[in-house]
Amino acid sequence: AQSVTQPDIHITVSEGASLELRCNYSYGATPYLFWYVQSPGQGLQLLLKYFSGDTLVQGIKGFEAEFKRSQSSFNLRKPSVHWSDAAEYFCAVEYGNKLVFGAGTILRVKS
Amino acid sequence: ETGVTQTPRHLVMGMTNKKSLKCEQHLGHNAMYWYKQSAKKPLELMFVYSLEERVENNSVPSRFSPECPNSSHLFLHLHTLQPEDSALYLCASSQDTRGSSYNEQFFGPGTRLTVL
Numbered sequence: 001a002q003s004v005t006q007p008d009i010h011i012t013v014s015e016g017a018s019l020e021l022r023c024n025y026s027y028g029a030t031p032y033l034f035w036y037v038q039s040p041g042q043g044l045q046l047l048l049k050y051f052s053g054d055t056l057v058q059g060i061k062g063f064e065a066e067f068k069r070s071q072s073s074f075n076l077r078k079p080s081v082h083w084s085d086a087a088e089y090f091c092a093v094e095y096g097n098k099l100v101f102g103a104g105t106i107l108r109v110k111s
Numbered sequence: 112e113t114g115v116t117q118t119p120r121h122l123v124m125g126m127t128n129k130k131s132l133k134c135e136q137h138l139g140h141n142a143m144y145w146y147k148q149s150a151k152k153p154l155e156l157m158f159v160y161s162l163e164e165r166v167e168n169n170s171v172p173s174r175f176s177p178e179c180p181n182s183s184h185l186f187l188h189l190h191t192l193q194p195e196d197s198a199l200y201l202c203a204s205s206q207d208t209r210g211s212s213y214n215e216q217f218f219g220p221g222t223r224l225t226v227l
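Protein chains in written order, with our numbering: chain V, 1 to 111; chain B, 112 to 227.
If you're looking for bench data, these hints aren't it; they were derived computationally from the structure.
The structure displayed is predicted, hence computed values, not measured ones.
Idealized CB from N, CA, C, for every residue including glycine.
Possibly wrong hints are sitting among the right ones.
[What the hints assert, rightly or not] Lysine-lysine pairs mimicking DSSO-like chemistry, simulated, CA-CA at most 30 Å apart:
#	chain 1	residue 1	chain 2	residue 2
1	B	133	V	98
2	B	129	B	147
3	V	98	B	152
[Stated by the list, open to error] Per the computed footprint, the stretches of chain V lying under chain B, defined by three or more beta-carbons under 8 Å from a beta-carbon of chain B, are:
#	stretch
4	54 to 65
5	72 to 79
Next up, chain B with everything else stripped away, as it sits in the complex:
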């Protein structure tokens, strides 16, 4: 498998559930990202990991908990979400996080999350 993959592609959960989103990159990159894409809003950067260390946390509520066990895998653990958290969650990876010509981000297809 190539590129950036995300599972599941669709997820429906209640507000009391606990679920996890998974992202895997097969590109040998060192940096991984979580974005939230809501209708009619710009993509919002949630978290950035570089070499498995979190380097960015954009004031995301604690009901979202990221985990990066290695440079190829990134998880987003979800618990006690709200209906307004329903969105498309996109994962991306890049060679590294520094601003350079090598910082092209490659995106996965996303997980469409619906919170009831």
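Chain V extracted, bound-state conformation:
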């Protein structure tokens, strides 16, 4: 069955530090991959997506993610975190007409 694993439930980084959120997926074919962010009390907002082509994709708010087929990974990165990035981040893979989500990673930013 298709699945998405986000190994880190919580991550705390200092403002200005770099960030990497991990995501591994299980899917037989070439996946469509997504990262969403959810601020408290809000719905999910799409940060970026990968369908094909360049394995390094750029998203909104300065985020990027790299698709590595050999590692079945799609890690999210940001070179310098801002306090407003504190939120919950979800990785997802599209399977048929479904999005299968990971359990999420809560990002805390300390000043």
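With chain V held as given, fit chain B onto it using these hints.
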């Protein structure tokens, strides 16, 4: 109004009540979705509608009853719920349901449901 809206934003109901959640999308999309988000669990897809026809029902209990009168509106009718049904219910829409570059899902802010 733009995007995907959901009402109410918060709902408290007893186990014997009947209530409905409403979702409206202003994006001209053909597909709409209901998700359940419980604490510390991945989002669970509940229902998928494409052109007002239900195309997915993920073994959801019958106490949840969806309705899609047109491609812009989606309802979730609730009756005789249980406390474990307390969660954030998210609505989403997309251009269509096929796996393609056009299947980006846009989410509403959710309805926080508490069942007493």
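Hint by hint, here is what the structure shows:
1. B:133 <-> V:98: Since the Cα atoms of residue 133 of chain B and residue 98 of chain V sit roughly 21 Å apart, the hinted pair holds (cutoff 30 Å).
2. B:129 <-> B:147: Judged against 30 Å, a Cα distance of about 18 Å means the pair holds.
3. V:98 <-> B:152: Holds, because 17 Å separates the two Cα atoms, which is no more than 30 Å.
4. 54 to 65: violated (count 0)
5. 72 to 79: Coverage by chain B is violated for the stretch 72 to 79 of chain V (0 residues, Cβ < 8 Å).
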